[in-house]
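*Asks:* Protein chains in written order, with my numbering: chain A, 5 to 426; chain X, -7 to 308.
Be careful, since some hints might not be right.
What the hints assert, rightly or not - The following residues of chain A were derived to be distant from chain X, with all beta-carbon distances above 12 angstroms:
#, residue
1, R22
2, S40
3, H61
4, D78
5, W188
To be verified - On the chain X side, residues computed to face chain A include the following (Cβ under 10 angstroms):
#, residue
6, E44
7, P47
8, L48
9, L52
10, F53
11, L84
12, A88
13, M91
14, V92
15, G112
16, I123
17, T139
18, F151
19, L153
20, Q188
21, Y303
Treat the hints as calculated values from the structure; they're not laboratory data.
Note that the Cβ used here is the ideal one computed from N, Cα and C, for glycine as well.
Here's the letter readout for the chains.
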Amino acid sequence: MNNTINFSKSTSFNLPKRGQSEFRFQIIGIGAILLSLAFLIWLIITVIFGSMGAFKHVEIAIQVDLTSKNVNADDVNSTSFGSIMKSGLREQFPDVKKRKDKKKLYKLISVESSLELKEKVLDNKDLLGQKVKIWVSASDDVSLYVRGKIDASLPEDQRKITDKEISWINNLGANGQIRTKVNWGFFKNGDSREPEIAGILAALVGSTLSLLVCFILSFPIGVSAAIFLEQFAPRNRLSDIIEVNINNLAAVPSIVFGLLGLSIFLGYFDLPRSSPLVGGMVLSLMTLPTIIIASRASLQAVPPSIKEAALALGATPVQAVFHHVFPVALPGMMTGTIVGMARALGDTAPLLMIGMVAFIVDIPKSILEPATALPVQVFLWADSPERAFNEKTSAAIIVLLIFLIVMNLSAVLLRRKLEQRF
Amino acid sequence: MADSKLNLIKPVRAAWIDRCIIIGLGTTAGVAILVTIGIVLSLLTETISFLERVPLQSFLFGLEWSPQTAIRSDQVAAEGSFGAIPLINGTLLISAIAMVVATPLGLASAVYLSEYASKGIRDWIKPTLEILAGIPTVVYGFFAALTVAPFIRMTGGQFGLEVASESALAAGIVMGMMIVPLISSLSDDVINAVPQSLRDASLGLGATQSETIKKIILPAALPGIAGSLLLATSRAIGETMIVVMAAGLAANLSLNPLDAVTTITAQIVALLTGDQEFDSAKTLSAFALGLLLFLITLVLNITAQWIVRTYREQYD
């Protein structure tokens, strides 16, 4: 008989020791949670601090000569605004003589600044025929220096801005010709090769269009598939297969959906590459399993008595489901859909596969035009060598996270407001 | 009462309408199957035409990966340079690092939250941890490449270690942190499903709470935990953006976490985002890698589901 109590060492009654081990065990648990939270905080703080600069915009004022000598008032478009700006800069710094130095001087202002000047002139024809002070964007390096992001105490060959340029900038600053304002352009412009001009709007529109396509496709299909599986499907092999299949689809890596989109939507159906239409279709394949699973859970939560009451009063099964079960389950389904779409919003890999990674400046006007998406924009900027894009990446991440928070918050609120408890 | 008369007729008419509606609903459920078929077919056809150019064994067992398209048409299709072993090695290395980071953190926090934490703390900490799972992976990639990798490089440098700027360690650690909430919330569900009577019995016999957890609860929850770990591994293997941005493209056959390695997903992205001609072995190899990835994750998922189903302890 082995039923005696084993008093051997392994089950000792050494209480202090066991107490210590209990304490250690709890400390490990708390430590794990704190470590994860610390990582989260590290990540968020890095992104927030990194993004600060992107919301500031540095401008330089230049005296430009818009008299008839330079501009033909009848044909503004043919004017070379670039050379007007350059001569404005030369006038301000008359002692800059060497070609190389002049080139450096011109680089104080953004490459895109001639376009800015042109737009200002087209907006306000009164400027023509005058010598006026015009504010234009500074180049990315000047902007970094003015905002204190470049350490001037480093040796000259280790920073991106030379002593000469610094003296020019200081000169401009002393004359009140440099100002910093809120970078509204970041929310109004599309992508650009120049960090000081690049904005997030095109990506934001691209993401929104893709999500719209995704919603239009996946919500009706997902919900009706869930209704079928939960309410009408006969318990047979086929419905078992569908069920296993959906569970597995939910765990397929997102990049595989991208490959499917590339070879079928682009290769076989020949849909427009890089378009929000294809992006949305690929994302809807990904969100479909999530929506089906969430919708089924929501349908299961509806008490059977509701359906039975409807059936007892003479409703057909379809009427009972659509008139009585479905409305009760709808908030849960919507919540599941929003959560699934929030995942889709952040997903990048499948969009890279279908070419939404192209450099696109224009803001897409329809779902058939080439576009990019928010997470892809983050990826593109993170890959850019210019230091100023680093800030842009963090800022784009902030915009992406805010978009996500808004979606998730609306899901939570929807559930709170509409959910019925039985 | 004209209305009630109408209602008497309705069921007769509704019969075929109902049938149509049900058939319509059934069709949408079939879409899910269609998607799977689409995945398998699209991957398979491209893979087959890839295997016509590169033999299967040199793809699966080749030790060198340098995808090049043949320059001359009579050239043998880039002999031996489509070996997937370095990619599989890199994928497994990074996933292993991620799991080494995520398993203890995920399990310990799940145990603490479900067994020790008060309801108030639990209601706060759990959603906060879940934020980690909700952050887009491209954000983690950015963070891994620009913050964690230089940090590891600097720390390694102080100990005299040579750390590659795109080390497997940086990608693995960040991926691990991303997976923590997945393991934690799945394990939490499993631990909560262990009946209270087991806890009470163990505590009643004089075991401390940690002894109860180690000797009673965790063994009872083991199949579910194993399942959740497998699902997490499958997630790590299929993860793309973190490795694309932080692990780079150097196909080194190395098990050193400080070296740069590349993964299946990172290579697929590299192969398909540049200029591509559709019929070259280089482009097609991306689909072969995709199929490989699909199969690996599928096997892991099915195994996870099978373990949970088969070894689940049946209580009451």
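*Asks:* Could you check if X/G112 really has its C-beta closer than 10 angstroms to a C-beta on chain A?
*Replies:* Not OK, violated: X/G112 not within 10 angstroms of chain A, min 14 angstroms.
*Asks:* Regarding the hint that X/L153 lies at the interface with chain A, is the smallest CB-CB distance below 10 angstroms?
*Replies:* violated (22 angstroms)
*Asks:* Go through the hint on X/I123 and say holds or violated, using the shortest Cβ distance to chain A against 10 angstroms.
*Replies:* holds (6 angstroms)
*Asks:* Could you let me know if the closest chain X CB is still more than 12 angstroms away from the CB of A/W188?
*Replies:* holds (24 angstroms)
*Asks:* A/D78 clear of chain X by more than 12 angstroms, beta carbon to beta carbon?
*Replies:* holds (45 angstroms)
*Asks:* Please verify that hint: X/L84, Cβ, nearest Cβ of chain A, below 10 angstroms or not.
*Replies:* X/L84 check fails; min Cβ-Cβ to chain A is 15 angstroms, beyond 10 angstroms.
*Asks:* Hint check: is the beta carbon of X/F53 less than 10 angstroms from a beta carbon of chain A?
*Replies:* Given a least distance of 23 angstroms, the restraint on X/F53 is violated.
*Asks:* Taking 12 angstroms as the cut and beta carbons as the points, is A/R22 off the interface with chain X?
*Replies:* Contrary to the label, A/R22 does not stay out of reach of chain X, its closest Cβ about 5 angstroms off (not over 12 angstroms).
*Asks:* How about X/A88: closest beta carbon in chain A under 10 angstroms, or not?
*Replies:* With Cβ-Cβ at 17 angstroms, over 10 angstroms, it is violated.
*Asks:* Tell me if X/P47 is really an interface residue toward chain A, meaning its C-beta lies closer than 10 angstroms to one of theirs.
*Replies:* Since the shortest Cβ distance to chain A is 22 angstroms, the answer is violated.
*Asks:* For the hint on X/F151, just tell me whether its beta-carbon gets within less than 10 angstroms of chain A.
*Replies:* This hint is violated: X/F151 lies away from chain A, its Cβ roughly 21 angstroms from the closest one there, beyond 10 angstroms.
*Asks:* Quick check on the hint: X/T139 CB to chain A CB, less than 10 angstroms?
*Replies:* holds (5 angstroms)
The earlier numbered hints that this structure contradicts are 1, 2, 6, 7, 8, 9, 10, 11, 12, 13, 14, 15, 18, 19, 20, 21.
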